Amino acid sequence: DIQMTQSPSSLSASVGDRVTITCRASQDVITRLAWYQQKPGKAPKFLIYGASSLQSGVPSRFSGSGSGTDFTLTISSLQPEDFATYYCQQSYSFPFTFGPGTKVDIK
Amino acid sequence: QVLLQDSGPRLVQPSETLSLTCTVSGRSFSLYHWSWIRQAPGKGLEWIAYISDSGITEYNPSLNSRLTISVDSSKRLFSLKLSSVTPADTAVYYCAKGGVSHYARGYFDHWGQGILVTVSS
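These protein sequences, in sequence, are chains S and U. Going by this note's numbering, the first sequence opens with residue 1, and the numbers climb by one from there. Going by this note's numbering, the second sequence opens with residue 1, and the numbers climb by one from there.
Hints listed in this document are in silico derivations from the structure and should not be mistaken for laboratory results. Every value quoted in this text rests on a predicted model; they were computed, and no experiment measured them. C-beta: ideal position from N, C-alpha, C; glycine also. Certain hints may be false.
Below 27 Å or equal to it, Euclidean Cα-Cα: the simulated DSS-like pairs (lysine-lysine) are [to be verified]: (1) S:LYS107 to S:LYS42; (2) S:LYS103 to S:LYS39; (3) S:LYS42 to S:LYS103; (4) S:LYS107 to U:LYS81; (5) S:LYS45 to U:LYS81; (6) U:LYS81 to S:LYS42.
Cβ-Cβ distance ranges computed for the label pairs, FRET-style [what the hints assert, rightly or not]: (7) U:THR68 to S:SER26: 27 to 33 Å; (8) U:ALA40 to S:THR74: 28 to 34 Å; (9) S:GLU81 to U:GLN1: 18 to 24 Å; (10) U:GLY8 to S:GLY16: 30 to 36 Å; (11) U:LEU63 to S:ILE106: 24 to 30 Å; (12) U:SER101 to S:LYS107: 38 to 44 Å; (13) U:THR86 to S:PRO59: 20 to 26 Å; (14) S:GLY57 to U:PRO9: 29 to 35 Å; (15) U:ARG76 to S:GLY57: 21 to 27 Å.
Start from the sequences, fold in the hints, and give me the full structure.
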């Protein structure tokens, strides 16, 4: 199985801050990497696929980059609705695996 | 727009079989790939099963021997069975839609609302 790790596990930030979350895969997943946002009691929301392609309807302040084993999710200017937990996920091979999540909360 | 509605019992007895259904409305059903994903209380996301538009299945090896996923395209639904459940299977179970192409099968762009299934006597 491909193991996914994320850092940090949590962070505190203010509205307007630039936030970067890192995801690492235990082996090469090329660009088969997605990012999701989850708020308490809700289903995850699909943000980014192919490591850097923004899903339709997702604000442009979200961006993704990386390939191989190292990836990042960046929120250029944090908004109040962005406080949530973020997960990366590889879709390169079965079993699909998620990172443990990064919780972004208010400083 | 595609809408997924997961349904099933919310309480299952230990050692019994958990059965869930996801009904899909909206755009074409048979073009897509479908998965089940679960989340134990306070924990992260765990992918557990997949079925393709042609009926090919894949399972999480950690649960493989206990899982069955199936699809009924005529009724626009897919289902999950997890046998011999224990309290460790208590989780919110989500059905999810993957993309059309092979490479997008693991990009979950639409999710059901989730159903909390508790395994307890």
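For this session: Check each numbered hint from earlier against the structure, then list the numbers of those it violates in ascending order.
Result: 4, 10, 11, 13
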